[in-house]
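From first to last, the protein sequence lines stand for chains A and B.
Heads up: the first sequence begins at 1 in the numbering used here, then just goes up one per residue.
Heads up: the second sequence begins at 1 in the numbering used here, then just goes up one per residue.
Hints in this document: simulated from the structure, not taken from any laboratory.
Keep in mind the model is a prediction, meaning the values are calculated, not measured.
Heads up, the beta-carbon is just placed ideally off N, CA and C, and yes, glycines get one too.
Keep in mind that the hints are not guaranteed to be accurate.
[As the list claims (entries may be wrong)] Dumping the calculated SDA-like pairs for lysine to any residue here, alpha-carbon to alpha-carbon at most 20 Å:
id, chain 1, residue 1, chain 2, residue 2
1, A, K189, B, L14
2, A, K189, B, T21
3, B, K45, A, P173
4, A, K215, A, T257
5, A, K292, B, D123
6, B, K12, A, E192
7, B, K143, B, E73
8, A, K187, B, Y24
9, A, K300, B, A75
10, B, K23, A, H185
11, A, K333, A, E305
12, A, K205, B, L14
13, A, K239, A, A277
14, A, K187, B, T21
15, B, K23, A, E192
16, B, K45, A, L157
17, A, K57, B, T111
18, A, K256, A, D217
19, A, K303, A, R61
20, A, K189, B, I33
21, B, K12, A, R195
22, B, K23, A, Y135
23, A, K215, A, S343
24, B, K71, A, N328
25, A, K208, B, K12
26, A, K327, B, E73
27, A, K205, B, F4
[As the list claims (entries may be wrong)] Pair by pair, the computed Cβ-Cβ distance ranges are:
id, chain 1, residue 1, chain 2, residue 2, range
28, B, Q35, A, N296, 39 to 47 Å
29, B, S28, A, Q95, 49 to 57 Å
30, B, V135, A, D194, 44 to 52 Å
31, B, Q35, A, R61, 35 to 43 Å
32, A, E216, B, T142, 54 to 62 Å
33, B, L15, A, E253, 31 to 39 Å
34, B, D42, A, K327, 41 to 49 Å
35, A, S54, B, Y136, 27 to 35 Å
36, B, D48, A, Q95, 30 to 38 Å
37, A, D147, B, T21, 22 to 30 Å
38, B, P38, A, K327, 41 to 49 Å
39, B, S19, A, H185, 15 to 23 Å
40, B, I33, A, E290, 31 to 39 Å
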Amino acid sequence: MDTTTIKSNFKSEEYFINMGPQHPATHGVLRLLLTIDGEIIKKVEPDLGYIHRSIEKMCERDSYQQIVHLTDRMDYLSSHINNEAVCLTVENALQLEIPERVKVIRTILGELTRLASHQLWWGVMGMDVGALTTYFYGFRDRELINDIFEETCGARLTMNYNIPGGLMFDIHPNFVQRTKDFITHFKTKLPEYDRLLTGNVIFQKRMKGVGILSKEDAISFGASGPVGRGSGYSCDVRKHHPYSAYNQVTFNEVLKTEGDSLARYQVRIEEMWESMAIIEQLIDNIPEGEYKVATNAVIKLPKGEFYQKVETARGELGVYINSTGTKNPYRLKFRSPGFSNLSLLNHIAVGGKIGDLVASMATLDLVIPDIDR
Amino acid sequence: MSYFGDIYRGIKTLLTGMSVTGKYFLHSRKGAITQQYPDNRDTLKMFDRFRGEVVMPHNENNEHRCTGCQKCELACPNGSIEIIWDRQIDPESGKKKKMIDQHIYHLGMCTMCGLCIEACPTDAILWAQNFENSVYNRAYLTKVLNKPGSKLMPGVEE
Ligand code: SF4
Ligand code: SF4
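Using the sequences and the hints, build the whole thing.
Okay, here's the thing in structure tokens:
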């Protein structure tokens with residue numbers, strides 16, 4: 001038999017497989033319904049709902065102080081920034097004047113969170129494309145940040161350290177020294193990340209030209225954070241709508257125009273340098289003063305709608321509060337970065353191989369509890 | 001030609017990466033952050049602020065500082081705290097006063113948010129740093145924080 005007869009004897013048709021909800025590359029309980037032809041992806045349909053906890057509905061039940069701790073459980077790698085978003089919304093609605101000290105501390109903690117999140121992302125992303133060592137290096141450096149958090153906030157992941165009006169308690173006396181030590185340490189380690197992974201030919205081949213997202217598509221899909229900036233879409237909330245102490249520091253918004261997985265990877269690596277630069281500018285001159293302003297034990301927002309957006313490690317998080325003047329919000333909506341970033345997965349994965357899907361999904365840096373609140 | 005060039009570049013970057021891993025392979029003890037738990041249980045000390053579980057400290061006379069004001073119960077987002085109280089005769093003044101019977105804490109429902117401790121006006125409850133909270137039965141996670149027969153410390157007012 002010649003090859004043509006063999007080929008015609010085989011039936012070729014599209015079929016569909018499940019990726020997840022228990023797949024290691026989906027980093028959580030995300031189920032992807034893949035329609036594939038051989039190894040070529042025809043369609044990716046994300047199926048959500050496996051970790052839905054109705055956080056938005058629970059917020060309607062809770063007081064404004066209690067809402068803050070629920071946001072820890074959305075994007076757990078950006079918990080400080082999530083907390084800050086809710087606190088800022090409440091403070092703006094109450095028109096509270098927040099002390100400079102609080103603003104600076106919040107900014108430092110936010111940037112440390114971003115660093116910790118990117119370190120973890122770097123570790124697991126390397127693991128997704130087959131480099132297990134990165135996992136341990138990423139976690140090793142993240143551990144030092146976790147120690148800083150644990151000493152000051154008492155927790156390593158679910159901080160709940162910001163409260164409406166300021167901070168729950170003052171920073172620990174060791175905080176400044178530990179942060180400085182970490183920065184000195186990490187400046188020697190970050191170049192190692194590049195030597196170990198970024199320059200590697202195998203890695204580059206898996207990343208370059210994979211999962212291309214154009215700037216127009218990034219905007220129309222509502223991409224934000226490193227995903228948007230990897231496509232050249234300038235969307236850094238810290239630059240365009242500065243909150244806390246971001247108007248006091250100078251930093252660059254990292255932009256890449258390639259729009260492929262490698263660009264998104266490089267944006268995050270360079271963002272780590274920028275985060276360190278921001279912390280260095282602030283850490284030596286944390287202003288003296290109060291660490292919180294007194295609020296009523298029962299916070300009642302005035303009637304109306306309030307919105308605040310912040311830049312988490314994954315992109316733009318928006319908090320929308322509709323208040324009727326009572327002690328609970330009438331409606332609270334989170335605009336989470338992961339949800340929009342997931343929505344473009346089908347667009348960038350179609351036509352690629354399954355291995356490419358894993359690579360592009362890793363550089364989208366999805367945190368499923370953030371998508372599925 | 002580019003085929004061999006690729007192989008050459010591949011090996012070169014592989015070696016660059018291996019120089020990083022090789023360094024740590026040779027100096028594996030230096031800068032290791034791994035906790036040798038549970039071998040280091042005796043020396044392991046958590047940070048003072050670490051949120052392990054909520055406890056109610058008692059002094060040597062078996063007295064605590066909880067007045068039964070229920071502010072912690074109100075502050076808790078999850079209903080992890082229940083205060084069972086009644087009015088008892090205060091031995092000092094002879095008047096009837098609100099006193100706790102049981103301060104019930106459901107560790108299994110606690111999200112370690114710290115709002116109860118912030119809310120307590122008399123600092124009756126604090127964080128303990130104990131983190132080994134696993135038990136064989138879920139019922140053991142429900143704790144009564146005030147010790148049997150304990151009283152309110154004299155002089156503690158709401
Ligand atoms: S720490 Fe939070 S969840 Fe736990 S008992 Fe206190 S208020 Fe409730
Ligand atoms: S522990 Fe504190 S807040 Fe709770 S009832 Fe006792 S005194 Fe009140």
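Status of each hint after checking the structure:
no.	hint	in the structure
1	A:K189 <-> B:L14	18 Å, holds
2	A:K189 <-> B:T21	12 Å, holds
3	B:K45 <-> A:P173	18 Å, holds
4	A:K215 <-> A:T257	8 Å, holds
5	A:K292 <-> B:D123	19 Å, holds
6	B:K12 <-> A:E192	15 Å, holds
7	B:K143 <-> B:E73	15 Å, holds
8	A:K187 <-> B:Y24	17 Å, holds
9	A:K300 <-> B:A75	15 Å, holds
10	B:K23 <-> A:H185	16 Å, holds
11	A:K333 <-> A:E305	11 Å, holds
12	A:K205 <-> B:L14	14 Å, holds
13	A:K239 <-> A:A277	15 Å, holds
14	A:K187 <-> B:T21	18 Å, holds
15	B:K23 <-> A:E192	11 Å, holds
16	B:K45 <-> A:L157	19 Å, holds
17	A:K57 <-> B:T111	18 Å, holds
18	A:K256 <-> A:D217	15 Å, holds
19	A:K303 <-> A:R61	17 Å, holds
20	A:K189 <-> B:I33	14 Å, holds
21	B:K12 <-> A:R195	11 Å, holds
22	B:K23 <-> A:Y135	17 Å, holds
23	A:K215 <-> A:S343	15 Å, holds
24	B:K71 <-> A:N328	18 Å, holds
25	A:K208 <-> B:K12	19 Å, holds
26	A:K327 <-> B:E73	17 Å, holds
27	A:K205 <-> B:F4	16 Å, holds
28	B:Q35 <-> A:N296: 39 to 47 Å	42 Å, holds
29	B:S28 <-> A:Q95: 49 to 57 Å	56 Å, holds
30	B:V135 <-> A:D194: 44 to 52 Å	46 Å, holds
31	B:Q35 <-> A:R61: 35 to 43 Å	38 Å, holds
32	A:E216 <-> B:T142: 54 to 62 Å	57 Å, holds
33	B:L15 <-> A:E253: 31 to 39 Å	35 Å, holds
34	B:D42 <-> A:K327: 41 to 49 Å	48 Å, holds
35	A:S54 <-> B:Y136: 27 to 35 Å	31 Å, holds
36	B:D48 <-> A:Q95: 30 to 38 Å	35 Å, holds
37	A:D147 <-> B:T21: 22 to 30 Å	24 Å, holds
38	B:P38 <-> A:K327: 41 to 49 Å	45 Å, holds
39	B:S19 <-> A:H185: 15 to 23 Å	20 Å, holds
40	B:I33 <-> A:E290: 31 to 39 Å	35 Å, holds
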